[in-house]
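Novice: The residues making up each chain are set out below.
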Amino acid sequence: MNPVKLIKSANLIGRGRQDVLVRDGRVAEIGSLRDAGAEVVDADGLVLLPGLVDLHTHLREPGREDAETVLTGTRAAAKGGYTAVCAMANSYPVADTAGVVEQVAALGRAAGYADVQPIGAVSIGLEGRQLAEIGAMAQSAAAVRMFSDDGHCVHDPVLMRRALEYVKTFGGIIAQHAEEPRLTEGAQMNEGAVSAELGLPGWPSVAEEAIIARDVLLAEYTGARVHFCHVSTARSVAIIREAKARGVQITAEVCPHHLLLTDEAARSYDPVYKVNPPLRQESDVAVLRAALAEGVIDAVATDHAPHAPQDKECEWAAARPGMLGLETALSISVAALGGPDDVDWDLLAERTSRTPARIAGLEAHGRDPEPGVEANFTLVDPSATWTVVPEGLASLSRNTPYAGMELPVTVEATFLRGRATVLNGKIAEETTE
Amino acid sequence: MKHLLTTKALTREEAELILDVTEQMAEAVTGREVPKLPALRGRTVVNLFYEDSTRTRTSFETAAKRLSADVVNFAAKTSSVNKGESLRDTALTLQAMGADAVVIRHPAAGAPQRLTEWLDGAVLNAGDGTHAHPTQALLDAYTMKRRLGGIEGRTVAIVGDILHSRVARSNIWLLTKLGANVRLVGPPTLLPKDIDGWPVEVAYDLDASLKGVDAIMMLRVQRERQNASFFPTANEYARLYGLDERRLALLPDHAIVMHPGPMNRGMEIAAAVADSPRATITEQVTNGVWVRMAVLYLLLTAGEAR
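Same order as they appear, the protein sequences are chains A and B.
Sequence positions in the first sequence follow this note's numbering and run 1 to 433.
Sequence positions in the second sequence follow this note's numbering and run 1 to 306.
Bound-form chain A, shown alone (with noise of 0.2 Å):
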């Protein structure tokens, strides 16, 4: 069953408080509208986004349903006010061939929390050696459009070569993991003060600096489109922005603890705040921020990357990479962007809905409420804050970040097609469409 439902007095960016009319799961009417027998859900208060995007979440189905399943990483971002992940190929088998995507798909569909788009490998098995089956998966029911070996680099210039070259027949994208291998054996954080300091082995910034300069001759050279995943430095966003006045075609993400997070939470040793590439410096943070607000980064992804515990509750050095990020990354984004009472909502939603829907090529996403309009949407409180408490969370896995922080803004509905998926702050327990 999928009622009428009529959102009452939703803060609309750039129209003030209306009233929306969902019917079949798309917008019907908008305005100031009587309820005439519709359910009424009461928004006095409350922003309505078009619903988050994620270009890159890890829901680790098939292979590691002990860290997250399709069912409770969707659940997450719904919860997080997402109505599209982006799920990377690095699942156990790898999303390399139809079979796998198509699967992802289906589990996804099932689900029905939110779309989920599969992402396929640029190469078998993640190996960085021969192309996977792009064009397969490209045609498959899973339409895969955006490619990566995410977790690696495609390092060998002449396979991103051909990568690049070969997805221009579907208007396909390469979105490259930035790290140039040699430049990274066996590193655990970032190089700098504190890796002195603590004795770990230093990531340097750049090996993703190296990575994405080269990309951006590529996709210049061959006239491709690259994406790249979870930029991360002060130097990768200069070298991005110079770049796009050039006119290359290419657009890059940032991951929330980017923009939140530094090397110094390494000082604890504890692997929680291990990821790949890892948490930079303040002035990294800050360029990073003005970036998103410019534009220059273009869309906030979260790199949802849940783990097991017994793979987080060890040695920084056998931890794996990798933190939550669907739950929070709103909250997140709009303390980034200036803070719920100074972040422009407009911005918000450029970058972490609609640039986000458009890269992937999602059509029915990062729609703002219009007559016809997919009703893909989410309900913010601006006024509110909560606590992160590791337990509550509902994806399966436990390793957040900001435990015990207090973030701005709350998820108090999400809606897919229509549907809640979130409701009054909760989780919707029937989604069946």
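Be aware that a few hints might be false.
[Unchecked claim] These stretches of chain B come out as covered by chain A in the derived footprint (C-beta under 8 Å, 3 or more residues): (1) 106-118; (2) 129-139.
[What the hints assert, rightly or not] Chain A is nowhere near these chain B residues, computed Cβ spacing over 12 Å in every case: (3) 36; (4) 52; (5) 145; (6) 150; (7) 179; (8) 251; (9) 252; (10) 274.
Just so you know, these hints were derived from the structure itself, not from any lab.
By construction, the Cβ of each residue, glycine as well, lies at the ideal position given by its N, Cα and C atoms.
Let chain A serve as the given structure and place chain B on it in line with the hints.
Specialist: Then chain B, alone, in the frame of chain A:
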């Protein structure tokens, strides 16, 4: 002081207390027919060594036994941190067995700090990755104090592979805390990046760095580092950064030569220098036992009834 994880976390008072107690330990035991004190009778000290180090393990074992503690050597035979029982499970096992103190050596930086989260007993860092080796620094400081009459105002050159050296890191924090001037000397490839904030001088030229040095500490350099291009060849390294007799002659007459061992003779230190009376290498080994007695004693008795 509940644990000893780093010298950086020690206050100057704590460091001086350890050195004072070290001297008392040496005096109390030296010359005795039975070189043993009853201070830790009934206490259990576990040696948890994830890296082979007969020298350090034996030193800790000797120290604990001279204080009459029961010593358990927990075989942690994993060559990789990714294999075998997890550190947490091992910690919970030791906790269940009632270990009063755990002496841990581990290839992963920060492992001793993690251990403190899972254990009630005292944790004593016997070397973690390239992070810290506090008892080595303390025994070095004690050796300097004995040989040079003090540490305040003395100049100590630490030479070689600073990047991969937990000994260097622990000495930097301890010696500067005790008022020494520390000079790091090595090729830029073997110095950590971004150490402008460290309270040290940094130099690349060893010959030019020998003036006014009261103690020179030669760090062990693995020959295999040449394969990762940290330096071209072992021979070139020895030529540029090894302490040979010519360089020994450039040092002030009273200067001492230190090495944490094990040495690569002919690499960072020439055989004749290692065997010269100015070298304190075996004395450092002896002092290591006194220092470890002092630390075990202070951690396990909280310094009571001294």
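Novice: Hint by hint, note whether the structure agrees.
Specialist: Verification of the hints:
With 8 residues carrying a beta carbon less than 8 Å from a beta carbon of chain A, the segment 106-118 of chain B meets the three-residue requirement, and the given coverage holds. Coverage of the segment 129-139 of chain B by chain A holds [criterion: at least 3 residues with CB-CB distance below 8 Å; count 4]. Once the 12 Å rule is applied to beta carbons, residue 36 of chain B is consistent with being away from chain A; the minimum gap is 35 Å. With a cut of 12 Å on Cβ distances, residue 52 of chain B stays outside the contact zone with chain A, its closest approach being about 18 Å.
Annotated as non-interface, residue 145 of chain B keeps its C-beta farther than 12 Å from every C-beta of chain A; the closest such distance is 25 Å. Chain A leaves residue 150 of chain B outside its interface by the beta-carbon criterion, the shortest separation being 27 Å against a cut-off of 12 Å. No Cβ of chain A approaches the Cβ of residue 179 of chain B within 12 Å, the least distance being about 21 Å, so the stated non-interface status holds. Non-interface status of residue 251 of chain B relative to chain A is upheld: no Cβ of that chain comes within 12 Å, the nearest being about 28 Å off.
Once the 12 Å rule is applied to beta carbons, residue 252 of chain B is consistent with being away from chain A; the minimum gap is 30 Å. The claim that residue 274 of chain B is not at the interface with chain A holds, since no C-beta of that chain comes within 12 Å of its own (minimum 27 Å).
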